[in-house]
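Using the sequences and the hints, build the whole thing.
Number of protein chains: 2
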Amino acid sequence: MANQFGDKIKQLREANHLLQRQVASELEIDTPMLSKIERGDRKAKKEQVLLFAKLYNADKEVLLTLWLADQVYDLVKDEEMATDALKVAESQFKYKTRRKL
Amino acid sequence: MANQFGDKIKQLREANHLLQRQVASELEIDTPMLSKIERGDRKAKKEQVLLFAKLYNADKEVLLTLWLADQVYDLVKDEEMATDALKVAESQFKYKTRRKL
DNA sequence: TATTGACTTGTCAGATATTGGCAAATATAC
DNA sequence: GTATATTTGCCAATATCTGACAAGTCAATA
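Residue numbers (our numbering), protein chains in the order written: chain A, 7 to 107; chain B, 7 to 107.
It is worth saying that the hints were derived from the structure and are not from the lab. Possibly wrong hints are sitting among the right ones.
If chains are identical, the list can't say which one is meant, so a pair holds when it fits in one copy or spans any two.
[Said to hold, decoys possible] Pairs of lysine-lysine residues, derived as DSBU-like cross-links and limited to a Cα-Cα distance of at most 30 angstroms, are as follows: (1) K60 - K14; (2) K100 - K49; (3) K60 - K49.
Only a predicted model underlies this, so the values are computations on that prediction, with no experimental measurement involved.
Laid out in structure tokens, this is it:
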């Protein structure tokens, strides 16, 4: 997993002087799992992203964005048409939201 | 599945006056499967995308782009931070490719 | 260098999702 | 109506993901 999110939450954890043990306990997962999430080995659940934001007093929109971006990146990273596809998806998204209004 | 790709290949099939039966046979799948791919119910394999391009004499880059874009769209469609995440993923992608050179 | 504490790695069974294919339903054309 | 084309529903096989645990490394320090 491409890992902007993991890097960020590791950074935040350290800035808050917390151990994986402590954070893991709050998230009700074990330390190996947290380690893997920080290292990008495993994907956090959306609900856990919100908990990270709360625990670290961080902007949840920022974390959710990085979390999603990593997933998008993983999906397209090996594809030649990656950036084109991202642009197409983006315009498709904008079109749909515009229609909803 | 968001369906720019399916619409496109259905359009191309009809422009080429081909039946699902015929195309499916070329792809070595059954017609229900092709129907589902055209309708966005099932995702085509990358290898099948290339076959579509060949069969319909279409630009494979275009088809691959739509095919990937649909997948990206599906991933982000229900997320509030969707467009932000796409932008972040895009810049991440550009950075990595730049580094590779 | 033995012990301790923090973190990481490997593995695996169980859960979940995806796939391919068939049978049946529906739509379209004649 | 019949015949042909397409779609829908379903299911078993397979693949992928998940959570959990045991064992590993690494760094600090007694």
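Indices of hints not satisfied (ascending): The structure breaks none of the hints.
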